[in-house]
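Enquirer: Residues per chain, in single letters:
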Amino acid sequence: EAGVTQSPTHLIKTRGQQATLRCSPISGHTSVYWYQQALGLGLQFLLWYDEGEERNRGNFPPRFSGRQFPNYSSELNVNALELEDSALYLCASSRGQGGGYTFGSGTRLTVV
Amino acid sequence: GNSVTQMEGPVTLSEEAFLTINCTYTATGYPSLFWYVQYPGEGLQLLLKATKADDKGSNKGFEATYRKETTSFHLEKGSVQVSDSAVYFCALSSPEGGYQKVTFGTGTKLQVIP
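Protein chains in written order, with the numbering used here: chain A, 1 to 112; chain B, 1001 to 1114.
In short, the hints are calculated from the structure, not lab data.
Ideal Cβ positions, reconstructed from N, Cα and C, are used throughout, including at glycine.
Hints may contain errors.
Looking from chain B toward chain A, a few residues come up when the C-beta cut is under 7 Å (computed) [claimed, not checked]:
1. Leu1013
2. Gly1029
3. Phe1034
4. Pro1040
5. Leu1044
6. Leu1048
7. Lys1049
8. Glu1063
9. Thr1065
10. Lys1101
11. Phe1104
Selected chain B positions facing chain A (in silico; Cβ < 7 Å) [claimed, not checked]:
12. Gly1043
13. Asp1055
14. Val1102
15. Thr1106
16. Gly1107
17. Ile1113
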């Protein structure tokens, strides 16, 4: 089966612009999770979507937002980009049964 | 709230050495425990998991035992290889939120030298 796919692989934006990151979960997985992995800071939970609804949100400002589409794919939007938003953004999916996540390879966002 | 504490790296070992990466946790209820591995330039992969006390998760020669009395889930491997060089993350999910939200530790970088 196809894994979790993320696009684009790399994204370079200037400060103040908006970035849109995309994620397609494994077929049959209804939950999508977004994490930020900044250099040296581990994984910080951003957002969790399930069945099209936002279920939980991490400690990030409102300029980080997203949505989940009827086919369970998801989009993460970051508005008014700041230099410290430069990070690897990881998407994961699960069936929602607590068995752990399957991660995509991530989108490397660089803000200059 | 939930939290995971793992030993700071980097950990540098010679090939065939014994590996231990310590992990302790704080959680509400009865969590499930995981180890994930991230190879350079890649996303995270689930390495092993355990869902109840005294369970031992194992995969690719790695093992970890769910110790509820010490709230620990230490990762071990008897003989590491250069190909094991990666960042290892301890993680948990708890009944809060139906076991769906996973909390990660900060990661421990392992470097194995020939």
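Enquirer: Could you work out which of the previously given hints the structure breaks and list their numbers from low to high?
Expert: 1, 2, 4, 6, 8, 9, 13 and 17
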